[in-house]
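K.L.:
Fit chain G to the known structure of chain C by using the hints.
Protein chains: 2
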Amino acid sequence: MQRITKTVEVDLGDRSYPIHIGAGLLDDPELYTRHICGRQVLVVSNEVVAPLYLERVTTALSGFQCEAVVLPDGEKFKTLEVWQGVFDALLRHRFSRQCTIVALGGGVVGDMAGFAAASYQRGINFIQVPTTLLAQVDSSVGGKTGVNHPLGKNMIGAFHQPLCVIADTETLNTLDDRQLSAGVAEVIKYGLINDPEFFAWLEDNISLLLARDPEALAFAIERSCIDKANVVAADELEVGQRALLNLGHTFGHAIETGMGYGEWLHGEAVAAGICMAARFSVVQGWMNSKDERRIIDLVDRSQLPTKPPGALQAEKIMELMAVDKKVLDGRLRLVLLQGIGKSVVTDRFDLGQLRNTLNSY
Amino acid sequence: MQRITKTVEVDLGDRSYPIHIGAGLLDDPELYTRHICGRQVLVVSNEVVAPLYLERVTTALSGFQCEAVVLPDGEKFKTLEVWQGVFDALLRHRFSRQCTIVALGGGVVGDMAGFAAASYQRGINFIQVPTTLLAQVDSSVGGKTGVNHPLGKNMIGAFHQPLCVIADTETLNTLDDRQLSAGVAEVIKYGLINDPEFFAWLEDNISLLLARDPEALAFAIERSCIDKANVVAADELEVGQRALLNLGHTFGHAIETGMGYGEWLHGEAVAAGICMAARFSVVQGWMNSKDERRIIDLVDRSQLPTKPPGALQAEKIMELMAVDKKVLDGRLRLVLLQGIGKSVVTDRFDLGQLRNTLNSY
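Taken in sequence, the protein lines are chains C and G.
Under my numbering, think of the first position of the first sequence as 1, with each following residue one higher.
Under my numbering, think of the first position of the second sequence as 1, with each following residue one higher.
If we strip away everything but chain C, and leave its shape as in the complex, we get (with noise of 0.2 Å):
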């Protein structure tokens, strides 16, 4: 049987790696043995996830000295306690520094457990086996992992590249609805930010992805992750070009931090940042208020939020995003558009304007 049906290369020279997607890869054992060294793996999963993928894991992962750790499920949990929880698991079963983690889950998962696989003796190896539509084209891409501060959102984290990612298309089937179109959320920034024939592609087939058409979502993923891998090759560390992926996360992090981690979910904070960036550009007077509409439109039929929570006022939401990561040296920069397919990261703009813009919910 012919299971991988694509392979996406992440270039990074001597820290490159495939993205493996295509249907029921999660227990094939030679995608594992073929990038793991050592002889010991620690798969980190969460409650949710585990009692339906983690023994089919652990199966494929039998010729190993394989361990596991389940951690509560949810953005609230990205906290440096949770992920203390998996130094204690290696160090309980004495892992060594040859030993490899798995990352099987959501984004949160992921990237705590990449995190930890940064810091686990100043960095081990691990493998990214992730089972939701946004991890599978966003966070499992590209290296950043981290926890959240109570403070701001991934404040704490580091650079490290997977082994290789494993996305099984077969995992979305056990996703529920919301989850699915916080993932398409992600797949509509790339078109955003770049790639304005996917963006055309996505308005003209995304009943298709919400029914989880099998093609459309290896078609949708695939593209997400070519057009990541690219910015990702060309800026790792985001010194530049890179930020260009923030699109949307200024405002969707101060969301989140201001409602509190869980309320709302990653995505469907991205698709209201996504909508409140469109419109702050429409005001700035860089973009036309016909692909505002049509980003709204797209936004709404994927069943995401087009604005922020009505419990937010303007003023906090300003506050919050005066921490964001994107802040350089006391200069809040933003990601907006000029068109679809058309994104610039700047911080010429005018901060009034902002505030009216934000009020104006």
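Since the hints were derived computationally from the structure, they do not count as laboratory data.
Predicted, not measured: the structure shown is a model, and the values here were computed from it.
Don't take every hint at face value.
[Stated by the list, open to error] Simulated pairs of lysine to aspartate or glutamate, EDC-like, Cα-Cα distance not exceeding 20 Å: (1) G:LYS342 to G:ASP235; (2) G:LYS76 to C:GLU81; (3) C:LYS342 to C:GLU203; (4) G:LYS76 to C:ASP88; (5) C:LYS6 to C:GLU215; (6) G:LYS342 to G:GLU292; (7) C:LYS76 to G:GLU292; (8) G:LYS307 to G:GLU292; (9) C:LYS76 to G:ASP88.
P.N.:
Below, chain G alone, put in the same frame as chain C:
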């Protein structure tokens, strides 16, 4: 006034940096402005060092937005919890990714501040200003940063190189005798690893060193930094020869963990560990007992312990060593001696003989 006496370059490609060694360097503004890019600086110090030197350093940094955080003093506070306090300070002051951390203190401060710099927003700049002999000759050089876990020392951390190291030899005048001797343990280590000439110099000059003769101190610090920089440059991430720097450390970490962090100073535990490695090397028939005698004599004349604490059973030491980072896929590796200036990393030894050697104390 010509104040800089010596500069040692650590050659790590685009992560290369200088170690400035000399009297009165601590508050030279030029040394800081030469290296710092942004305008925000957080000085991380501890409650013993801050009253002595913090004001001089912040005055030298008065051209920047300079804030400070003062941590509790001692190895037992080298924890994730205390480490988290550095992020609280960075975020409270809204420090951006372009800020710089200055680590002012001994090895504990340097390790925690360096790991915070490695992890804040996935990596910011930092400068080491070591104020103990141990930090000046060892922990501030080479980019190892991290914190302890209750089950093992330095188990959580990162490789993160500083912009520069500023080693002000005058700060050693406020060091107590016990701390000074602890630093000498690492100095002796460099002679043993691959510099027999330096070891012989130490045998001749140990009284001058302990009497804090400025010239002897400056020579010993420079020679130690050169020896360490050479090893680090050849193997930054410790995939091979860098492990030699762990001479005495596998035994030493077991002593520190077994006694509870802070009971024995790190250098004291390393000194005993060096003597244990020497005795085991003799037991294995690798080194003659005359060399062991020279080692024990020099350690003893340095006011350092030559054997493990009586309170620690051999079995407990064996158990603690089994979780050391030097364990390679389940096999314990040790740095052993074939003579003075001739060290090897090996897993080819008899565990029964190791147990017997530990029992002989």
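K.L.:
Any hints this thing doesn't respect? Which numbers, in order?
P.N.:
Those not satisfied come down to hint 7.
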